[in-house]
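Put together the whole structure using the sequences plus the hints.
Quick mapping for you: the protein sequence lines, in order, are chains A and B.
Here numbering that gives the first Met the number 0 is used: the first residue of the first sequence is 0, the next is one more, and so on.
Here numbering that gives the first Met the number 0 is used: the first residue of the second sequence is 0, the next is one more, and so on.
Any given hint might turn out to be false.
[What the hints assert, rightly or not] Derived pair list, reagent style DSS-like, types lysine-lysine, alpha-carbon separation capped at 27 Å: (1) A:K133 with B:K100; (2) B:K298 with A:K294; (3) B:K298 with A:K184; (4) B:K184 with A:K296; (5) B:K231 with A:K184; (6) B:K184 with A:K250; (7) B:K184 with A:K294; (8) B:K250 with A:K250; (9) B:K184 with A:K184; (10) B:K279 with B:K298; (11) A:K100 with B:K133; (12) B:K100 with A:K184.
The hints are simulated quantities; they were obtained by calculation from the structure and are not laboratory data.
If you want the building blocks of each chain, they are given just below.
Number of protein chains: 2
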Amino acid sequence: METIEKPYVIGLDLGGTNSVFGIVDARGEIKATTAIKTKGYPDPKDYVTASVAALEPIIDSVGGIEMIKGMGIGAPNGNYYTGQVEEAPNLDWKGSVPLAKLFEEQLGIPVALTNDANAAAMGEMTYGVARGMKNFIMITLGTGVGSGIVVNGQVVYGSDGFAGELGHAIIDRTPEARQCGCGRKGCLEAYCSATGIVRTAREMLIKDSRPSKLRSLNPDDITGLDVSVAAKEGDELAIDILRYTGRLLGKACANFALFCSPEAFIFFGGPTKSGEMLMKHVREAYDEDILYVYKGKAKILLSGLNGSDAAVLGASALGWEL
Amino acid sequence: METIEKPYVIGLDLGGTNSVFGIVDARGEIKATTAIKTKGYPDPKDYVTASVAALEPIIDSVGGIEMIKGMGIGAPNGNYYTGQVEEAPNLDWKGSVPLAKLFEEQLGIPVALTNDANAAAMGEMTYGVARGMKNFIMITLGTGVGSGIVVNGQVVYGSDGFAGELGHAIIDRTPEARQCGCGRKGCLEAYCSATGIVRTAREMLIKDSRPSKLRSLNPDDITGLDVSVAAKEGDELAIDILRYTGRLLGKACANFALFCSPEAFIFFGGPTKSGEMLMKHVREAYDEDILYVYKGKAKILLSGLNGSDAAVLGASALGWEL
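Next comes the structure, spelled out in structure tokens:
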């Protein structure tokens, strides 16, 4: 009789506000979920204890811990090599927190940890549009621009576990380049994150005199979603904001292709809800800028995972490698 | 009794003019060399036959083909995956030439092939300053700017075998950006190759009124070496040309670090003969531009291989992996 492979993994999407857990099968189906608040546990051990308490009933519901192969965590500043969350500015914990080890001790199963964008790349490779791909680049558009790079079927972690920060590629070296939150100027993130798109909107509303639905909003309250909705309603200014954003992304990706000649760039996150209104400009600018040897090779794709489940699925994907 | 490991590999540095062969031991000592002209063989089979005829006496001198583990070839447009030289503009051969297969058939040993910069990276990892490193970026400065990227101890070949063309990273997106030989504008190569340095020299000799030894030369005849020599003699304009070049390289490398957080950048080629007069500016600009998480992590190094042997050594290094 064959040994039955353990059929499930646990994924934890550790966000600044909420921690969402899911038990996932090999096809990427989420069998059970639970959640706790991330804040309110100054001692990380208490956070892990609360997590395990929340996990127990859903683990029981799938047949107990014997059915779980491993656990993956996607967390800000998560370091795959050390299993630690290191100096994460949006969490309560100072210094390095050995989260993987703490969960291993309390759950008795192997646990791996990485950052959100790397987890997203793992998720696409395991359950999404990157199944079967060995070389691709994941770009996550949110408050920032994150990236997860897969080479030869492995996420690139680099010498220190922190590789893959393409959101901080400097795309504008002129004196007018935008200030980025990292302290430098001209980073891709300052233009193409949801926040960057809003900055573009505010700038264009001043520089451009065309009428726009966005003018009815308080400039300080405009969101990336407002731009997306206005563009879909045919608002020309909003359409141009997406064109500007998409072209910058496409040109940046043409530079990224030089590293690893990927099969695909996969985009995820709020701004991708604009769909082709954004993506057609990514493709167009990429095709214009790409070095001749790579022409026509890489696909520009949207994530294959359901947005609200993607983070948990991505984290869970780490569990299969353990 | 233990089986004796085959103690040697063959390296072939296939250049536009000459093809240089070396038999190399595991410590990177070249035991014997030979060479033929690259041109004059419209049929690649004849080139391989002439190569094997030239190789025979040096193979005999180390004890015969039984002593050779494998052969590595570094060639322009060499594709590791296919073992082919593909559409190399400076060679006589059109289309794709299955050079690895042709040598395998005639020599009876396994043969691998890659491009020059990837071979250089293999050489540093096997015999040079990258021994023991798993993540680094090789930058070769010559007529062009080449690169070989090593991640998790493996050269990054990407989806098609052509990954690692960092010389074509676009570093200037202004309308004044320099035209590159690839047909695009603003590539690193247009500024920091030996040819790019000469362009900088010609531009600065016009824009800058300071006296300079370079003014005694016909602007069309200036070489990278002239700039290097003048700088070493204290020529201020030449010193500024190297500063300009080094700073651009450093800033470009700070962007490259985002991809794979390398342990080191390793520079090779003619312009590196300027030594610290170039490299101190690479380091300075890199340190200014690097994202905080990577600060102080990567070393900026010069190749550890003797310039004239480096290409053969690099190619030979592929032979050990077979």
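Here is how each hint holds up against the structure:
{"no.": "1", "hint": "A:K133 with B:K100", "result": "holds, 25 Å"}
{"no.": "2", "hint": "B:K298 with A:K294", "result": "violated, 33 Å"}
{"no.": "3", "hint": "B:K298 with A:K184", "result": "holds, 24 Å"}
{"no.": "4", "hint": "B:K184 with A:K296", "result": "holds, 21 Å"}
{"no.": "5", "hint": "B:K231 with A:K184", "result": "violated, 34 Å"}
{"no.": "6", "hint": "B:K184 with A:K250", "result": "holds, 13 Å"}
{"no.": "7", "hint": "B:K184 with A:K294", "result": "holds, 16 Å"}
{"no.": "8", "hint": "B:K250 with A:K250", "result": "holds, 18 Å"}
{"no.": "9", "hint": "B:K184 with A:K184", "result": "holds, 22 Å"}
{"no.": "10", "hint": "B:K279 with B:K298", "result": "holds, 12 Å"}
{"no.": "11", "hint": "A:K100 with B:K133", "result": "holds, 25 Å"}
{"no.": "12", "hint": "B:K100 with A:K184", "result": "violated, 50 Å"}
When each numbered hint is compared with the structure, violations occur for hints 2, 5 and 12.
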